[in-house]
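Residue numbers (my numbering), protein chains in the order written: chain A, 1 to 421; chain B, 1001 to 1231.
Rather than coming from a laboratory, the hints here were simulated on the basis of the structure.
Note that the Cβ used here is the ideal one computed from N, Cα and C, for glycine as well.
Be careful, since some hints might not be right.
Stated by the list, open to error - Selected chain B positions facing chain A (Cβ under 8 angstroms, derived; list incomplete):
#1 N1053
#2 G1056
#3 D1059
#4 R1060
#5 G1063
#6 L1076
#7 D1078
#8 D1079
#9 A1086
#10 Q1094
#11 Q1101
#12 S1103
#13 F1113
#14 Q1115
#15 I1117
#16 P1119
What the hints assert, rightly or not - Computed Cβ-Cβ distance ranges for the label pairs, DEER-style:
#17 G1010(B) to G392(A): 31 to 41 angstroms
#18 M1017(B) to M389(A): 50 to 60 angstroms
#19 Q407(A) to G1140(B): 26 to 36 angstroms
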Amino acid sequence: MHRLWRTVRLGLGNLLLHPLRSTLTVLGIFCGVASVIVMLAFGEGTSYTAQQRIRALGSTNVIVRSQKPPESARAGAGRSFVIDYGLTYLDADRIRESFPTARVLVPIREIVEDVRFEERRAKGTVVGTVPWFLEVANQKVGVGRFLTAVEMERQGNSCVIGPRIAADLFPYQDPIGRTVKVRSLYFRVVGVMAEGGEREIEGVRIAGGENAVYIPVTTARSWFGETLVKIGSGSREMERVELHELDVQVASLEDVLPTKRAIEEMLRRTHPRGDWIVKAPLNLLQAAEQTKREFNRLLGSVAAVSLLVGGIGIMNIMLASVTERTREIGIRRALGARRRDITLQFLVECVVLAATGGFLGTLVGVGGPILYEALTKTILIVTPWSVGMALGISVLVGIVFGLYPAQRAARMDPIEALRHE
Amino acid sequence: MPRPIVEFRGVTRAYSMAGETVYALRDVSFTVEEGDFFAVTGASGSGKSTLLNVLGCLDRPSGGTYHLGGRDVSRLSDDELSGIRAKEIGFVFQSFNLLPQLSVLDNIEVPLFYQGIPPEEARARSRELASRVGLGDRLGHRPAQLSGGQQQRVAIARALVNEPLILLADEPTGNLDSASGAEVLRIFDELNRAERTILLVTHDETVAAHANKRLVLGDGRVLRLEEGIRA
């Protein structure tokens, strides 16, 4: 054991004889290891953030949304007519009856309207929904409370506002208990939602978000009606939509995709115009996991290449060193060094170089993300296995790329080596 | 009856060069006994270097046998020969062959390291030998900071540190000025008086005159063996 330790010390001494050369060699491995750890941390962090966002959409949800049927897009200019499309309460009943695994069903109506408070106004989306929307959509109330069953039953005029609406309308006041105005209707604010970002799946925006104004769905239906008027340039377009969205929550993850397919099948029969779209956050999660796998594969090859380059650097410097130290090898052999003593001596130098690079790379690879996270609030996750792997691989690189030069040194004929100038 | 240290019996060393067999040593037989100061001389190309390589277990004979300290070492494996070199042989080279990056003390220690001697003991022995060759005050110096004569004295200390059966010296004074050379030879004489067995290869008559036995090589053969030449 003391022999190995002394070989390590000897190796360190030899490496310090050429500080610049050793530093440059270490740099190769250092860059490889640091970049592997940092990139893995980015990958993990990004995937974690994505998964959090997708989970917030509800991984057991199937979301059915109304969309304007494709053929109605060509609305005649200057004419006014009513486009009637989308999901109905009948669809909601059908889904409830046909899918026993669907635990919860959330009907949603959306009306885009200005929301006013005294002199202020904000662009909002009135979302008529049910009290259990909160749970199904994984939303959180920041201040106050969400809508109640009683309010829904009585078509109450309470509302819960999104955080951006709250910020726009009530920069100085506490919004709770105040009354906001939508069209000519007044709603009392009972709660403000927590920040949660925009909600969308594969480019389709879904209900909820920073500027939503939640009111009971019953209130929305009886006070706002089902016809929305959009005034475009020279045209007056009216849309009649009963429900904009139906959130179906199933009992388990396994039920998500079959339920989604069955709902699509049903809607294809009952709504042949294609005025609907079905999305599942689970698909996103799967896509995110797929992306992560691909990213890791890409990263793996980048890491392999950078460590290969580092390894070649070590091999290069060691081959030069072996040639330079031919005479030393001869002397040591004459003084009783066995072949394996010479192999070990050079191998130890390679491993010391590689491990130093690996260690410094780990320091930067772990410290860098912490600093970056503190400065930018991006989430980076340094996984312990990535550190272990990077260190292990750097030592392995030292051994693999050092073995050939070391054996070349050991195989030298001591007599020839002694004669070497 | 002094114990034989080196016994060469019909030793041959042949190389094949471009398909032809070239003999560097042919049927060489001689004995070095304990306490001998043995000189090998001969013109260049006479086989002195090959003989020294075989003696030093850096090379193996192609034919014949070589016993070192009573043990047949002519058919040993590479690792076994390394072991013999570490324990039984002390080398002194013409060009000193110290390791430039190591201090005087570390240089002297090298053979002990390969023998697996614990560091404390190795340190103590190296110190003692350094002071015996008069370099006790230069333990931390690098070889480049020493004169040629001092370097050769370090090399002698290194060759003796493992208490070898025989000290092999290859033109030990060849790279030295006459004063340093005389000092090295004085050390050799002193060692020999203390019953140390020494074999040196030289073409310098005045150096060879220090020996009590002399082997003259020519064209790989023993031309003559002179004994009792020293008064």
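Against the structure, the hints:
1. The criterion of a C-beta within 8 angstroms of any C-beta in chain A is met by N1053(B), whose closest approach is roughly 5 angstroms, and the hint holds.
2. Interface restraint check for G1056(B): the shortest CB-CB distance to chain A comes to about 7 angstroms, inside 8 angstroms, so the restraint holds.
3. Look at D1059(B): its Cβ gets to within about 6 angstroms of chain A, closer than 8 angstroms, so that hint holds up.
4. Taking 8 angstroms as the C-beta cut-off, the interface hint given for R1060(B) is violated, the closest approach to chain A being about 11 angstroms.
5. With its C-beta approaching chain A no nearer than about 19 angstroms, G1063(B) sits outside the 8 angstroms limit, and its interface hint is violated.
6. For the restraint placing L1076(B) at the interface with chain A, the shortest Cβ-Cβ distance is roughly 12 angstroms, beyond the 8 angstroms limit, so the hint is violated.
7. For D1078(B), the interface hint holds, the least distance from its beta-carbon to any beta-carbon of chain A being 6 angstroms, beneath 8 angstroms.
8. The criterion of a C-beta within 8 angstroms of any C-beta in chain A is met by D1079(B), whose closest approach is roughly 5 angstroms, and the hint holds.
9. The closest approach between the C-beta of A1086(B) and any C-beta of chain A is roughly 2 angstroms, which is under the 8 angstroms cut-off, so the hint is satisfied.
10. Here the hint on Q1094(B) is broken, as its CB sits about 11 angstroms from the closest CB of chain A, past 8 angstroms.
11. The interface hint given for Q1101(B) is met, as the beta carbon of that residue sits about 6 angstroms from the closest beta carbon of chain A, less than 8 angstroms.
12. Given the 8 angstroms rule on beta carbons, the hint for S1103(B) is violated: about 10 angstroms separates it from the nearest Cβ of chain A.
13. Because the closest C-beta pair between F1113(B) and chain A is about 7 angstroms apart, less than 8 angstroms, the hint holds.
14. Taken as an interface hint, Q1115(B) checks out: its beta carbon lies about 6 angstroms from the nearest beta carbon of chain A, inside 8 angstroms.
15. Among the interface hints, the one on I1117(B) is violated; its C-beta lies about 10 angstroms from the nearest C-beta in chain A, farther than the 8 angstroms criterion.
16. With a least beta-carbon distance of about 6 angstroms to chain A, the hint placing P1119(B) at the interface is held under the 8 angstroms criterion.
17. In this structure, G1010(B) and G392(A) break the distance hint of 31 to 41 angstroms, their C-beta atoms being roughly 56 angstroms apart.
18. Take M1017(B) and M389(A): their Cβ atoms lie about 53 angstroms apart, and the range 50 to 60 angstroms holds.
19. Checked against the hint of 26 to 36 angstroms, the pair Q407(A) and G1140(B) passes, with Cβ atoms roughly 34 angstroms apart.
In the structure shown, a violation is registered for the earlier hints numbered 4, 5, 6, 10, 12, 15 and 17, in ascending order.
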